[in-house]
Structure formats: structure tokens, C-alpha cells
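Engineer: As a plain string of letters, each chain reads:
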Amino acid sequence: MKMIGRSFRTALLLSCACASLTIPVRGQEFPVVTKTLKNGMKVLVQTDHSIPNVALYIFYRIGSRNEGPGTTGLSHFFEHMMFNGAKKYGPGELDKVMEANGGANNAYTTRDVTVYQDWFPRSALPLIYDIEADRIQNLSFDPQKIKSEREVVASERRLRTDNDNGGLLDEQLWATSYIAHPYQWPVVGWMSDIEHWTMEQLKHHFEMGYSPNNATMVVAGDVSPEEIFQMCEKYIEPIPTHAPPPPVTTTETEQLGERRLIVRKPSQLPLVFVAYHIPQTNSPDFYALNVLRTVLFQGESSRMYQRLVDKDEIALDVSSSVEPAFDPTIIEIAAQPKQGVDPQKCEKAMYEEIENAKNAVVSDRELEKAKNIRLADFYREMRTINGRANTIGTYEVFFGDYKKLFDAAKNYSAVTKEDVQRVAKTYFGANNRTVATLIPDNAEEKSKP
Amino acid sequence: MKRARFGLHVLAVVVAVLFAACSAAAQTLHLPPHEKVVLKNGLTVLLLEKHGVPLLNVYALVKTGSAGDPAGEDGVASITAGLLRKGTKKRTAQQFAADLDYIGAAFESEAGADFSSVSAEFLTKDLALGLELFSDALLHPTFPEAEVKKLLAQSVDAVRGAKDDPQQVLGLYYDGYLYGTHPYGRPAGGDEVSLQRIQRDAIVKFYEANYAPGNTLLAVAGEFNGAEMRKKLEEVFGAWPAHTIATPTIPATAPVKSKRLLLVDKPDATQTYFAFGNVGIARTDPDRVAIRVVNTIFGGRFTSELNEALRVESGYTYGASSFFDSRKVPGPFGVFSFTKNETTVPAIDLALQVLQKFHKQGVTDEQLKSAKSYIKGQFPPNIETSRQLAQIIASHEFYGLGDDEINQLEARVDAVTPEIAKQVIQKHFPSENLVFVLIGKASAIGPAVEKYAEKRDARPISDPGFWPPEKK
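These protein sequence lines are chains Y and U, in that order.
What the first sequence shows, in the numbering used here, is residues 1 to 449, in sequence order.
What the second sequence shows, in the numbering used here, is residues 1 to 472, in sequence order.
With the rest of the complex left out, here is chain Y (with noise of 0.2 Å):
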């Protein structure tokens, strides 16, 4: 897992998000009113007065692509020390304050952002802006909080990675697809790191990423526009903003040929991840890949669910997901075999479909349906107040305009068959492949009570 968070409540997948960057059909189903403060934090506001409550989210641009050797999982640890007390609220009291007022919160972080999540009733605004604007300006950091807290990230990692074959597959995966951009390690980070990071590394973190021209805000609920904008010139617009962490320039280089990793462990099941670079989210390509992805993996109608699941039944499930990213990333891929399956048995007709699809365009209804899916997918996501905040912040943070998300149905109509035989032709090539399986070894398992 790329996206890793504060507490189990994180219900709200990335990747679901990705797959809705999608077809909304005309803006003004839901108005969104902007703002930019005097110092740079741009605030998104979307009014629904349907229930009694509001989604506040925090998106700051840094994540674990802003990290080094020795210092990996620092942005999503410093996720975690956001809320281990600041001046005005102390350890431990900005959950006990927000709890009983009616507010809950969480927070996520991934390769390139760190969003904090605030859900609240409408009479609890001032006191969420008061907590915000607090911990942005004021962290505490208390050794005794850290030393705990390094536990508590170490106990996420053992649970989302080391126990769990997806999460650890995962990592080697990235890992091995990229030799010299930041992508390369874990969000959560280095279990050696994370025993090693030091008070020094965590205050210039802050300082490198905390700063009010490096965040977007965006309130989705029971509000209006005017009283946002009156709580942020209040609480926000004081905030004195300095430089934006230094720019990402390392890009990776070319991949020139398929790379192979293989995962020993005891395990019932073998599993098998493939990865492609392809580009960034902002890229003109976005919509056709995700047209292809679409027809590839969505539903159990999907080219892949037909073939691996359903007619050779060699597979339990077959899925794609990729994230939003600043930077070139890759589409994973992931095929789970069945008991005594050989892995390489559901790569090769994975790769079969592939070329299936460089090889002819899709069908007209295979595209009909790909566009209705994204449609469908739109509305779901965008039915809570929750969905619209992540959804809107996610579009201005990665396209750089919250607008797109009202051109994605002009942007999905324009893909043509021709568009998505070409971006599979482009990016699903053998030499731009990263191929991560896990064997069965039980050799070692009886270990006596």
C-alpha cells in the first residue's frame, strides 16, 4: 500500500479516487467558490446543505518523493506527530478537544502529498480552524511523543507491509521499477529509518513542507462560501509562508529492459504484481490510459476478469490501480493465482491480452461502456461530502485546477479507439516492465508452541 494513514478509518482508497478522476457532466451540479489568501494557501469551497456537517481537507504538497536515503517515511511520520500537540493544544488534546465537539479526523500520505481529513458538525468550525491554524504554526515536539509515535508507525508498517504479502510485494515492486527517482522507496518508510530518524531531520521537514503557499484547503458541507473565507482570514491568513520544499529533479531514466524480483516467504498463496512507467497524472495520455485500464480490468466483464478469472480460471482476482502522481509513475498490476498455480502462468495471459489490445483496436461498445463506467463512478464518488472534498482537492492538486474535473467528460468523450490502441502500444511494452512475485516457501513453517 502506497497510501498509508493515521488510523483504520482511512476508508477513502487513493486509487478509488484516481479511478473517479472522471466524467462529471456539467460544473454546475456542484459549484465550487475559490479563494487564494494574501499568503498562498488556495481555499476550495463546496456548499451542500444536506446534512448537518462538513469535510474539511488539508492537501499539502509533500510526501515521501521529498525524502532521502536515511530520512524515508519521515513525511508520513510527520503526518502522525500533527496531531501530538502543538501551543494552544497539547499532546493528546486536539483529538480529546475535536472528539467532544462532534469532529473526527485522520490523515493520509502518499509518494507526494500528506492530506489532513477533518469531519465535523457545522457548530464546530471555529474550533477546527483554531486546531488547524495551531498545529501549522506551532508543533510541539515533545522526545517522549516521538519515541512512542516511532512505535506506533512501526507496529503500521509490520501491519500493512510485513504482514501482508500485497503490502510487501508492493514495496519490492517499486522499489525495483525505479533506480533513481524518489518513487523508489516506501511511503512508510525503511523499518531501519524509521528507528533512526533524528529531532533534527523532523524539524526541517517541518519547516520544508508546513509552509500556508504549500497547501490547498478544501470544505465540502454545511457551509457557505463567505464564512469559510471569513474563518481563514481569521485563523489562516496570519500564517507567515516561506519557501516550498526544493523541487523534485531527479527523473528516472529509461528502462531498457524487463527487471524480475522474486519474494520467499511462507504463504499459502503465490502472487504476482506487474508494473509499466507511464506518465503523470497532468499528462495529455491520462484519459486514454484510463480508458484502457478500464476495459482491461473493470468488472467482471473486463478483458482481463474474462480471461484469467472466468475462462482460464487460473486467477482469484485481477486488478489495476494507479495514482495520482506529480512525477512519470507506473500502473500495478496485480493477479492473484490460485492454490499451485505457476504465477507465470497468469503473466503470460495477461501479456496475451495486452498485445490483444496493441494489436486491434477495442470495440465500440468496449469504449461505450468505459466512458458510462467512469460516469457512474463520478457520481459516487461525488454523493458525500467526504468523495467531493477529496475528489475537488485531488484535481486541483495533481491537473492544477479543480476545473478539469468539469472537463473530464469532454476529455473522456474525445478518446478514440485509435487513442487507446496507441497508449497501449506506447507504454505496455516487455523492456518498459517490472515483474514482483511471491513463492510459497513453507519449508520452515512448523515452529513448536
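Quick caveat, the hints were computed from the structure, so don't treat them as lab data.
Positions of the beta carbon are idealized from the N, C-alpha and C atoms, including for glycine.
Among the hints, erroneous ones may be present.
Heads up, simulated EDC-like pairs for lysine to aspartate or glutamate below, C-alpha to C-alpha not over 16 Å straight-line [unchecked claim]: (1) Y/Lys371 - U/Asp126; (2) Y/Lys145 - U/Glu308; (3) U/Lys150 - Y/Glu254; (4) U/Lys340 - Y/Glu149; (5) U/Lys149 - Y/Glu313; (6) Y/Lys35 - Y/Glu227; (7) Y/Lys96 - U/Asp126.
Computed, partial: chain Y to chain U, Cβ under 8 Å [unchecked claim]: (8) Pro52; (9) Asp164; (10) Leu168.
With chain Y held as given, fit chain U onto it using these hints.
Structural biologist: Coordinates of chain U only, in the frame set by chain Y:
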């Protein structure tokens, strides 16, 4: 990656549902108006119009779940539900998938302990085809032999795969060890052995015995026109032939009156996943709102006693929580967490101390006030979508709960006093008699955890089944 994380997720969802209460201080939240119609064939139809996004949710609740599985064939209800879309009188599985995906519809069918459910969601503009697909699956499945075999084989492997991730299966071992041979002890999805025993006949028999208009509640929520919808539903579902159903009654459950511990050995685990507790409450328990308030304080939110102790203060874990999974008859109550091998005993000891302290000291006025605000403030997003609303009105109808479950929740939450909280702790939170289930590296933690119970059991996670062990 699209990898579901069931175990934990299930627990988390249960907790979330249990917290559900009413709105913020000044607001009083109500379920949107909805109506109930009983068709001539006995089908109960619930209609709730909700405008906002052009989506429609159709949800059928069939009043028999995995508790109605034939003995030794755990998983029949679940497999039956899973096969509904895999071949109908009109469509092969492939045709069904093609038609469904073409309109971007979502379709889910599953079985829980108390009931089975079938749900479809589609754009309002696709009403005719969406409803036709939904009714085709619900009313006219044909259970083709090839599809039966395929799904059974996949399900066996899915159980094996789940065992590679302890958090996915902890709840299944826990239910089994807590309830034994009672139907609530069965894994709803079956296990590696029970699934291989299931024949097509058992599935057809289960379908015919339970999928009938008189045993089904149909809830429709979303953007539609009420009069048109009623007419349409009568056309589509009015022809479903009625027949008599002998709904299996679920035997009563009672708390376990001893201590016992099951250690499931996963030799490569670097972290121990544990649950302990006892039998909890029924969905209609008169104390349910007070329990919700009290459990919020104990283990139902980030600043709960459990999470404060095991995560915030000690750093033993990423999360610790407690849940009441309330069902037709009393369902499980459990404390749940995980910690690295080395801190297994300190973490469990601490969780037990938190429970003892809770019994001794009860809750403070401040905690009570905070929990009430939290529940009321966090409730509204639980009735935000038509999907949630369809499930809620059907579930209320099934359990015999009225709209007051939500409309009066705020008042009921506010009525919980420290005295009531104290009684609830004594009555519903176990203290001495606890059932423990641990999944971890037995060679590292085995001897140390013996102290928790004199009656102990152990088995490797690679052995088929959960608990009791399957007889092959």
C-alpha cells in the same frame, strides 16, 4: 492496490455502525420520509425518494443468512448469493456481466449471519435495465453446474489467501471459538473443507427454501418518481410466485461461563493479533443506545480508553478497539488489537487492566458528555447516501425497529446518565469470563500467554477450517 482487508475492516465497520447516533447539538436529524407497501405475493416494498445525485439503489434483504446453512456445509448461503448473477433464465454469467458493466452499475450479493442481501446501484436514467438485471438475478438464477464448481473452487482458495493475512481471519477464529457449534460460530463464507462438501443440489434447495417474496424485504432509495416506481416494482416483482417458507430460528446464545484461549500459530508472524471478550447483545437489546455511548468511551473512537492506553500512551500498537456486533440473538463483543511479538503479553495485560479499571471506575461526567457529542456529531454521514438509506430501512424492518431508532436517537443518547453507564458496564462488559483468540508466532509467544486461561487450544493457521477443527 485493490486488496480488501476484511478482518479489520469488518470490525471497524461494525464499530462505526454502533457509534451511529444523532446529529449535532442544535439539529435534530430524521430519516427522510419513506413508505411501505406489501404486494399481493407478500413482498414488502420500502420506498425512499432522495434527490441530489442521479443514482438509484435497490436492496433486497432475504431473511435467512449463514445461520441457516445446513450443518457441515458452511458457506451455502454465501455461495447461493454469489451465484445469483452467474447465470439466469435470460443470461449467461458473461452476458449478465456485460449488461451490468455497460451501464456502469454496481452489483453485490452476500450472506451475513442473520440475512442474505442483494444490492444494485445504477444511474436513474438506466432504471429499466437496472431493475431488469436486478430482478433477473434475484428471481431467475439457474445455478449452472460449471459456475457452481468455479465459484466453490475460487472460494476455497480465497479462504486460503485470507489466512496469509491474520487480520482478515482473526474475527472468523474468534466467532468460532466463542460460539463453538452455534450457527454464529460458523464462517459465513465457509472454509476449505465445508466448501468442498457443497453440491449444487444444496444450493438450489437453499434458494428455493429461502428466496421467496414473503421472506424478502425490498428497499429502493434514490432519485425516482414515487408513483412511477411503485407501478414499475409491481410489474417486475408482483409476478414472483409466493410460497410458504419455514424460516429457521436461530437458537439462543448465552455468555461463556469460563476462560479459554486459542492460539493460532503463524510461524512467520512478527506481530500478534489478538481478540478477547464474550457474547454481547442482540440488535433489539433495550440497553443498545447506552451501550453505544459506553463503548464509544471504552474502545469505540480514537481517544477511547483502549486506544489511549495501547497506542497513544504506550506505543504498543497502531490501533486498539472494542465492538458489539449486535444480531438477531446476542452477537459477539470483543476487544481487538495487535502488537509486535515482544510486547504481546504487556499489551494484552494492559488491555485487561483497562477493562478492569473500567469496571471499577466507570465513566466520568466529562467522558459521557464528550461521547454524546461525538456520537451525535458523527452520525449524519451515516444516512447521507441512498445506498445507506436503503440498507437502514430494510434492516430496521427486519429487526423490528422503527424510525425512532434514528429519529429518537439524539434524545436517547442524551438520556444516558452516569448511573445508567455504570449498570451497562456491569451487565454487558465481561470481566472474569473471557474468551481469547491470538494469531501469532507460537514458538515466540506460546509459553507466555498460557497464563490467560487454564483451558487452552492451539492449531496451525495452515490447518483447514477455523474452529472447531473440521473433521475431514
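Engineer: Next step is simple, just say for each hint if it's right about the structure.
Structural biologist: Now for the hints, and whether the structure bears them out:
Between Y/Lys371 and U/Asp126 the alpha-carbon distance is near 14 Å, which keeps this suggested pair within the 16 Å criterion. Using a Cα cut-off of 16 Å, the hinted pair Y/Lys145 and U/Glu308 holds, with the two alpha carbons roughly 13 Å apart. Using a Cα cut-off of 16 Å, the hinted pair U/Lys150 and Y/Glu254 is violated, with the two alpha carbons roughly 42 Å apart. Of the pairs offered as hints, the one joining U/Lys340 and Y/Glu149 holds, with about 14 Å between alpha carbons and a cut-off of 16 Å not exceeded.
Under the criterion of a C-alpha separation no larger than 16 Å, the hint pairing U/Lys149 with Y/Glu313 is consistent with the structure, at around 11 Å. Restraint check for Y/Lys35 and Y/Glu227: the C-alpha separation of about 12 Å stays at or below 16 Å, so the hint holds. Taking the CA atoms of Y/Lys96 and U/Asp126, the gap is near 46 Å; set against the 16 Å cutoff, the hint is violated. Annotation: interface hint on Y/Pro52 holds; nearest CB of chain U at approximately 4 Å, less than 8 Å.
Taking 8 Å as the C-beta cut-off, the interface hint given for Y/Asp164 holds, the closest approach to chain U being about 5 Å. For Y/Leu168, the interface hint is violated, since its Cβ never comes within 8 Å of a Cβ in chain U; the closest pair sits about 10 Å apart.
In the structure shown, a violation is registered for the earlier hints numbered 3, 7 and 10, in ascending order.
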